[in-house]
Amino acid sequence: MSQYNLIDNPNSSNRPPVINVGIIGWLRHNLFSSWTNTVLTVVAAGIIYSLFPPLFQWAILDADWSGVSRESCTGKGACWVFIKTWFWHLIFGLYPVDERWRVVLAFGILIVASIPLFIPWFKYKALVGVFLLIGFPVLAYFLFVGDILGMPLVETPLWGGLFLTLVIAGCGIVLSLPLGILLALARRSSMPVLRGLSVAFIELWRGVPLITVLFMASVMFPLFLPEGVNFDKLLRALIAVTLFSAAYMAEVVRGGLQAIPRGQYEAAQSVGLSYWRMMTFVILPQALKHVIPGIVNSFIALFKDTTLVAIIGLFDFLGMLQVARSDPDWLGFAPEGYVFGGLVFWIFCFGMSRYSQYLEKEFRTESQ
Amino acid sequence: MSLENDRYSISPPDLEQRWMIEMYDVHKWFVDFHVLKHINLKVDRGERIVICGPSGSGKSTLIRCINRLEEHQRGRIVVDGTELTNDLKNVDAIRREVGIVFQQFNLFPHLTAVENLMLAPIWVLKMPKAEARDLAMKYLERVRIPEQADKYPGQLSGGQQQRVAIARSLCMSPKIMLFDEPTSALDPEMIKEVLDVMVGLADEGMTMLCVTHEMGFARTVADRMMFMDGGEIIEIAEPKTFFSSPKNERTQLFLSQVLEH
Numbered sequence: 001m002s003q004y005n006l007i008d009n010p011n012s013s014n015r016p017p018v019i020n021v022g023i024i025g026w027l028r029h030n031l032f033s034s035w036t037n038t039v040l041t042v043v044a045a046g047i048i049y050s051l052f053p054p055l056f057q058w059a060i061l062d063a064d065w066s067g068v069s070r071e072s073c074t075g076k077g078a079c080w081v082f083i084k085t086w087f088w089h090l091i092f093g094l095y096p097v098d099e100r101w102r103v104v105l106a107f108g109i110l111i112v113a114s115i116p117l118f119i120p121w122f123k124y125k126a127l128v129g130v131f132l133l134i135g136f137p138v139l140a141y142f143l144f145v146g147d148i149l150g151m152p153l154v155e156t157p158l159w160g161g162l163f164l165t166l167v168i169a170g171c172g173i174v175l176s177l178p179l180g181i182l183l184a185l186a187r188r189s190s191m192p193v194l195r196g197l198s199v200a201f202i203e204l205w206r207g208v209p210l211i212t213v214l215f216m217a218s219v220m221f222p223l224f225l226p227e228g229v230n231f232d233k234l235l236r237a238l239i240a241v242t243l244f245s246a247a248y249m250a251e252v253v254r255g256g257l258q259a260i261p262r263g264q265y266e267a268a269q270s271v272g273l274s275y276w277r278m279m280t281f282v283i284l285p286q287a288l289k290h291v292i293p294g295i296v297n298s299f300i301a302l303f304k305d306t307t308l309v310a311i312i313g314l315f316d317f318l319g320m321l322q323v324a325r326s327d328p329d330w331l332g333f334a335p336e337g338y339v340f341g342g343l344v345f346w347i348f349c350f351g352m353s354r355y356s357q358y359l360e361k362e363f364r365t366e367s368q
Numbered sequence: 001m002s003l004e005n006d007r008y009s010i011s012p013p014d015l016e017q018r019w020m021i022e023m024y025d026v027h028k029w030f031v032d033f034h035v036l037k038h039i040n041l042k043v044d045r046g047e048r049i050v051i052c053g054p055s056g057s058g059k060s061t062l063i064r065c066i067n068r069l070e071e072h073q074r075g076r077i078v079v080d081g082t083e084l085t086n087d088l089k090n091v092d093a094i095r096r097e098v099g100i101v102f103q104q105f106n107l108f109p110h111l112t113a114v115e116n117l118m119l120a121p122i123w124v125l126k127m128p129k130a131e132a133r134d135l136a137m138k139y140l141e142r143v144r145i146p147e148q149a150d151k152y153p154g155q156l157s158g159g160q161q162q163r164v165a166i167a168r169s170l171c172m173s174p175k176i177m178l179f180d181e182p183t184s185a186l187d188p189e190m191i192k193e194v195l196d197v198m199v200g201l202a203d204e205g206m207t208m209l210c211v212t213h214e215m216g217f218a219r220t221v222a223d224r225m226m227f228m229d230g231g232e233i234i235e236i237a238e239p240k241t242f243f244s245s246p247k248n249e250r251t252q253l254f255l256s257q258v259l260e261h
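Protein sequences appear in the order of chains X and C.
The first sequence runs 1 to 368 under my numbering.
The second sequence runs 1 to 261 under my numbering.
So here's chain C without its partners, still in its complex pose (with noise of 0.2 Å):
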């Protein structure tokens, strides 16, 4: 069996940690309602996929299912060789490796940029103080906000602070990078810094699962583009094809709403 069919094959997991992101037959309810229906999917090192959706179709809860913001009811889901079980550690391991930025940047407001940055590397790596400042300021810098560092979240703009976010993921160095939404919440003169941080962070070959509206992001970076409705992965292909010959109704319905603008 060929590379490209295993990707789409339907197999349970093996641990032997050939994908980073493995989901089985990934099922979820909210109380009644069905979110996540039949996931299947592998993700590859380094790969950058690209999630898109009408809203209610399960694209965030995908992507938090896989560092257990949600938990998932049937199926198995396998980050990087381990299994999300409910054992913590297991939970604990993979949230160590799975960074996630957030819609609303979710930042600490009580601490300034750089404390916001040092806080997990000091209490979960165990890094003396001013190491973790210097890696705090190391981050900043890759996000272009150094002279920031002092301020409070609620001092700085919305692309700054999603800047910080993102900045305080990496701290924790993850494997992966999880993006909810990243650029619905901000102002459009600030899509771009956001953006630019986050294809920087592609070119250096993070595996990324990325949910959102921005076409031309997805166009420059994305290896795959998913498409989500009603719960289930509707289609996944390369964006050349799933750009110009989608093959769902769906996603052809839902590309021309999304890029006649």
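Extracted from the complex, chain X is given alone in its bound form (with noise of 0.2 Å):
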């Protein structure tokens, strides 16, 4: 009896010392533990004192939110009302108004669809998966462009502002990702005229600046191209973008091809199985678990690569942005806008980094 008195008595020796647990021992062990360890933090702490305070003065407490015009800016702090005024056309672009629920209607329905695939008790992920990766795409491409059950044109110039954004990036990532596995797997082929173009292939694009190979699909391609025929400027840009990334891709997915023991080769071989479902079923379900953080920093780096795509002619998101702050009525109010921009960026960074820690998470408690 005494023992169990012992034990829950909360004043018994039984228990750490009060200095190391709660608020006061995680600050010592975590943040005071050593000299090093306490200037850093006073350091640390001494950046955030500076940065934070001040800018959060400029962009909430002292910001200008209501209004429809600069007259409404009273200068003191950031002007949001110029975002609040632009902001539809940050999004959309040059897209007809009318015409803008196709661009919503798409996206809704990826949102909706995309929910089942984080259900772990959702039984049909494969058929969801093949409808956003085939179904999808070819269901957004009539929305957008239109011209179909009554639905008018809407040429790809008019596209703009976040949504284009989304849609080369989309493209890319969806593209590029079956393209690198392609390119890596003929790297590593035994056979020597596909490696070579294969290696050929990818040194070439990893080689160039993305900035040339966009402005040589805008400017150079259709010299080459016969009088008279025309390709589609957003097309270009798209090509190049997926290539340009399945370059990167190929050897993310090459470094996971690497890690997997030669003995996984030869035990999917001895049963018989046939080089494309050996791949398919045994060697690249490991090979990409590895490199998942490398395949989601290429396409982190892809979604921000898209704002290139400005230099020739197409008005992304970033794009917009410019076009606004040359507006004459708003002049100056550029630091809102790449406040604003940088925000947007981040959240879609941050959600796809998320999303790959969860990826990795989900499949080390699969297999330990």
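It should be emphasised that the hints constitute simulated quantities derived from the structure, not laboratory data.
Backbone N, C-alpha and C fix where the C-beta goes; we use that ideal spot for every residue, glycine too.
Heads up, some of the hints might be wrong.
Said to hold, decoys possible - Straight-line Cα separation of at most 25 Å, SDA-like style, residue types lysine to any residue; simulated pairs:
no.: 1; chain 1: C; residue 1: Lys192; chain 2: C; residue 2: Val258
no.: 2; chain 1: X; residue 1: Lys125; chain 2: C; residue 2: Arg133
no.: 3; chain 1: X; residue 1: Lys123; chain 2: C; residue 2: Pro109
Stated by the list, open to error - Beta-carbon label-pair distances, calculated as ranges:
no.: 4; chain 1: X; residue 1: Ala200; chain 2: C; residue 2: Arg219; range: 58 to 64 Å
no.: 5; chain 1: X; residue 1: Ala259; chain 2: C; residue 2: Thr220; range: 39 to 45 Å
no.: 6; chain 1: C; residue 1: Lys138; chain 2: X; residue 2: Gly196; range: 46 to 52 Å
no.: 7; chain 1: X; residue 1: Gly263; chain 2: C; residue 2: Asn86; range: 20 to 26 Å
Dock chain one against chain two, each of which comes alone in its own frame, and use the hints as you go.
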């Protein structure tokens, strides 16, 4: 009986000293455990203190939130009226106002269809996956372009803003992964011609800045086409971004393939699996799992690189921001624009990063 | 010519399917290193051969040539009437008949035990999923670990993993089983559970080629013992003669070293 009392008594010596638990314990252990740690803590606190309160003051406390024109801007802090005025243009570019519902509908379908993928007990994930990868792009294409079922045609030069950024990044991401996998497999093939072609492709695209590639696609490429043949500018940019990204993806995937021991190939071959089945069911699932961080890293880089399409006259999200800040009515509001733009990009990239960590955890628990 | 003499006669293989495996003057090089020299071997149906020899003697390479995990560069190999050539159709056909068990198990770590077994029946034999699962469970029971079916290889002990690996091969109903040092990577207390499964297979009349240092096992199951050194078959004999009166000096030396313990 007395033993029970001893254990249950919070003041008994069976509990750790107060200084090691609770907030104080945590602080001691994590922030002030050594001299170096203490110095780092103090410096970091100093930086945070000198940076964030002024930013908070500018962006939130002193900011102007309501109004319709620059007359509403007091000039004390940020003037978010600028973003409010331009908001829908930043999202849709020059996409006709009456047709914007088509874009909203497409992204709505995408989000709703993606939800089941995050539900652990949902059984038909493969089916949903097939729809998202094959059905959805077709559907989205017809919704965006129109000229069918009474929806008027919206030509690609009118596409813009965040919508265009998502279209380019989305296509780039979805297409560059399979293409990268094929390139990586070709590079490790035993057939010299295939290997040579793959190496040449990868080294060519990796060796050239994306901006050059985009410029070539938009300015040089049409010169080689016969008279009268016209190739949509957005399509050219999409192809350029995809191929560029596929070259990087190929090297990431190749890294994963190299981590798979030879025994896995031998085991798969010895039970009679053909090359493609061996790759699909044995090698790639393991290899891709190893390189999820690298793959997502490439996706994030691709997402941010899409801003370069502004160079060839496509008005993506950042391109629209540039247009907005050069609007004669709104000169001098670049800081607001870039802070807002940075925040939007950060939200997307951070989302991808979190998703990558979720996937890593998911696969790790599955097979230890 | 009597059968016994024919077994050791050196003649090019005829494809009339008399022998389960025929190797005729097989050679292999790793770049400049001559790993297999003048390999002549005829294996009868249901025969169990245990191969031993010092490390680097080419034992593993020899059995891996039989299902084309290694490619021989000279000579001929005929497996159950099908000759191993560069024709991928033949290679596929032979791989379907030959199962192999590796030293390092080589289970697929991203699949559960039962999924490891189901993969080939589903994709190679085109078996419906439910049927493949029944088949897989049947073989897991046979190696006495049906309760581990839904665990991943990483959650199993070495002995259990190796038994799953054996069951994975058996799911393809092979006519020949190759064992490449199946117990060398196991802790001592797990060796028996794997050998028991192998003895069971031998009792059922499976043709087996087994590279191993387990001489007790060899005495129990082997129809013939084979000693290799320096890429050559030095001596083949029935276990009784092999262990009691080996002819070759190198065999004697090797056996004295192995059997001392």
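Hints not upheld, ascending by number: none
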